[in-house]
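For the sequence shown, the residue numbers in mature numbering (1 follows the signal peptide of the UniProt record, and there is no 0) are -30 to -1, 1 to 362.
Among the hints, erroneous ones may be present.
What the hints assert, rightly or not - Straight-line C-alpha distance at most 25 Å; calculated PhoX-like pairs for lysine-lysine:
(1) Lys236 - Lys298
(2) Lys298 - Lys287
(3) Lys234 - Lys305
(4) Lys230 - Lys298
(5) Lys305 - Lys322
(6) Lys43 - Lys67
(7) Lys305 - Lys287
(8) Lys43 - Lys71
(9) Lys283 - Lys305
(10) Lys298 - Lys322
(11) Lys283 - Lys322
Unchecked claim - Ranges between beta-carbon positions, derived for each pair:
(12) Met50 - Phe278: 48 to 54 Å
(13) Gly117 - Lys286: 43 to 49 Å
(14) Ala97 - Asp75: 37 to 43 Å
(15) Trp247 - Arg95: 35 to 41 Å
(16) Ser325 - Tyr137: 35 to 41 Å
(17) His64 - Tyr93: 22 to 28 Å
Treat the hints as calculated values from the structure; they're not laboratory data.
Remember, predicted model here, so these are calculated numbers, not experimental data.
By construction, the Cβ of each residue, glycine as well, lies at the ideal position given by its N, Cα and C atoms.
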Amino acid sequence: MMVMMMVSLSASQILLLLSSTLVVLVVVTGQVKDTSFSRDDFPSNFVFGAGSAAYQIEGAVAEDGRTPSIWDKFTHEGHMPDHSTADIACDGYHKYKEDVKIMSDIGLEAYRFSISWTRLLPYGRGAINQKGLEYYNRLIDELVTHGIEPHVTIYHIDHPQILEDEYGGWLSPRMIDDFTAFADVCFREFGDRVSHWTTINEPNIMCLGSYDSGQFPPRQCSPPGGTFNCAAGNSSIEPYIAMHNILLAHASVVAIYREKYQAKQKGLIGINVYAFWCTPLTNSSADVAATQRATDFYTGWVVNPLVFGDYPKIMKKNAGSRIPSFTKRQSELLKGSFDFIGLNHYFVAYIKDNSRNSSKSGPGDFKSDMNVKLSGDLFLPSIFFSCVFEFY
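With these hints in hand, go ahead and build the complete structure from the sequences.
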């Protein structure tokens, strides 16, 4: 379970979601031997909470009208390292009251969870599944009853398999309208009790895991990327295409929320980014430049368009025509499309320039476009995804 700390800043409304063993110890204040700190040592607007994802914890994958998501197909085909599935997982669908009781006993003040698209809209669009709607209403009400703020993630890498089969999921701009309609249902049905909305969880790691390395569903990859021998995919362009559509979907959802719901519901909406701190391995100008490049590629890939309306210049230069361009209207829609930006902070990495060792032959991809190595000479995505797999 991911632990989060939230600070509401009056100017920028930045929401920090930090994961670490240290934070886990902080959360269970009163149950650890070290009593040198307490809740009073933190500002009153500093929120202690925990986070999860629907596929990680709910189970009940074939109950009460839920249909398969891309994770169901991926795990049932045996693509997890241990061949596990989340058919049962923590059985959160049936044990949500026990879970909320534990949160209350620990003293959590907020809980960030995601909505299973296929549990609420089994066919990706159209009629609402009443059983799914009832489940999330019960969960939200249980949290509110225990004084825990519900923070909702609308999408956590689990879109309906039916949409993946129909038009390729995030590789198609058709996903923008379907995702916006799904989010609209969530706002309408749950927004009276939800104060914080995250549109999409960690789109940067999702695009790399799903469309470069193939370690996430829908398992698309090709040389020079690809940790696995994927049946389909193009690692040179698909991560960039998927991110482009994701960012436009995010902006579309934020626009709907602000136009139809925010004034009445008075909630905040933003996005969440997979993050780690980058520091130069040496003081050389090459490593310093590489560190900025790594930050631009990992964090700026998502954040730059939301702040400035376009990708970082170094990404556009190095990826060239393989990275899509925003129209003027799209750029304006993206700029400022957040009340907060969430950072899931996992680790710190030393960055070394890799430009001299980079091959210019063959198709490029995200890694060769970035041209860096991480600490321990572990070339991405090995360290990147070995860390992430602990959370999915």
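Task: Indices of hints not satisfied (ascending) - done: As far as the earlier hints go, 1, 5, 6, 8, 10, 12 are violated by this structure, in ascending order.
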